[in-house]
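Protein chains in written order, with our numbering: chain A, -8 to 309; chain B, -6 to 88.
What the hints contain is simulated information worked out from the structure, not anything from laboratory work. Mixed in with the good hints there might be a few duds.
[Stated by the list, open to error] Think about it this way: if two alpha-carbon atoms lie no more than 27 Å apart in a straight line, the pair counts; the simulated BS3-like pairs of lysine-lysine are:
id : chain 1 : residue 1 : chain 2 : residue 2
1  : A       : Lys306    : B       : Lys(-3)
2  : A       : Lys303    : B       : Lys(-4)
3  : A       : Lys97     : A       : Lys22
[Stated by the list, open to error] To give an idea of the interface, some chain A residues facing chain B are shown, with a C-beta separation under 8 Å as derived from the structure:
id : residue
4  : Gln4
5  : Ile7
6  : Lys298
7  : Lys299
[Said to hold, decoys possible] Residues of chain A placed beyond 12 Å of chain B at every Cβ, according to the derived structure:
id : residue
8  : Lys58
9  : Phe153
10 : Arg182
11 : His200
12 : Ile224
13 : Val226
14 : Gln228
Computed from a prediction, not measured in an experiment: that's the story for all the values here. Idealized CB from N, CA, C, for every residue including glycine.
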Amino acid sequence: MELDINKLESDFQARIDAGENIEPKNWMPEKYRKTHIRQISQHGHSEIVGMLPEGNWITRAPNLRRKVGLLAKVQDEAGHGLYLYSAAETLGISRDELFHQLHTGKAKYSSIFNYPTLSWADIGAIGWLVDGAAIINQVMLTRTSYGPYARAMVRICKEESFHQRQGYEMMLTLCNGTPAQKAMAQDALNRFWWPSLMMFGPRDEESPHTEQAMQWKIKLKTNDELRQQFVDIAVPQAEILGLTIPDPDLKWNEERGHYDFGPIDWDEFWQVVKGNGRCNKERLGARVKAWDEGEWVRDAAMAYSEKKDAKKEAKKAS
Amino acid sequence: MTKKEWPIWEVFIRSKNGLEHRHAGSLHAADAEMALENARDVYTRRQEGVSLWVVESKHIVATNPAENGEIFEPAADKAYRHPTFYVLPEELKHM
Ligand SMILES: [Fe+2]
Ligand SMILES: [Fe+2]
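Just chain A, same shape as in the assembly:
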């Protein structure tokens, strides 16, 4: 059969324009496939690496209620990573290759997880702001064009709201506590506010792939639109806590119907992306160690499975 690439591409775009999902076995442009492998795996890696800064505090949670909540939240993030890796694998990349790309630094993960969690309040700030930012991005992605990715997002979004609520409740408890506790909460907000805004990625002018991503409905909103949405939601939430967002330029703009906010330090963003954040080495080191030290377990489980199969075959033959 003669396949006309232009026809395939225009049929593909027509399906997307009609709001249809693209499924693994459907024809897709190579660039669509590659972009998705990169984006979905980066998203999955963020879930997996994202367990590290929070896992750091599980054993030091102030009480059992907080401990079970945080433990369940971190376990969810492991699940999110697995949903996303599975979605990426439908595009023809293996799980081992995905890990290889993470471990060799070829694949990225969200730069927010390269910041340290210095106090218990940071865990509250992460649930509130980092999961809050992730929710805004992920709600948009439930309508993304690639079916397996969109379905993973639906499942993830159902689980995320507990993450944000447990974080916000921690912040609320600290803010209603002693002056020292409230100061801890303020300090956590001071450190996590700007990195949270950076989570939405570079400004639209500096984001060359946005146009294509919108045309293919990989994204339905631009980085700046999502960032604005986040700021508009977070400001009143900070007010309820009685905390001050560390941005002197932050103010309501009646005309735009949005909050104006100050400039983001993009140098810092790019430094962290390039591997020079405070925890890049530690995070990646922890992942590589877990993978390497788990190798004998993976091999043993596989050998056991093969041995069982061989026994079954032998029994059938006799």
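Starting from the structure of chain A, add chain B with the ligands where the hints point.
Relative to chain A, chain B with the ligands alone:
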């Protein structure tokens, strides 16, 4: 380097008694027993199911989307398979 990657399994969940099993997603596991255990942890942490099926992905046979026309289109012009095709008087009840 790991010798062999654990195979991929597809997971199906029956959400409550009386409903059919539905595809939930996939995972890696060395054998069927581990696939069920992992499926429980990955897909039913919030009482999403009362029954799980797992099947190794390589055993699933699927239609090819390139052949969707010949497979599914023949049903498109068979309106007589639907109740609305049959014209009955308005006053007729319970039908
Ligand atoms: Fe998550
Ligand atoms: Fe989360």
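Among all the numbered hints in the text so far, which are the ones the structure does not match?
-> The structure breaks hints 4, 5, 6 and 9; every other hint is satisfied.
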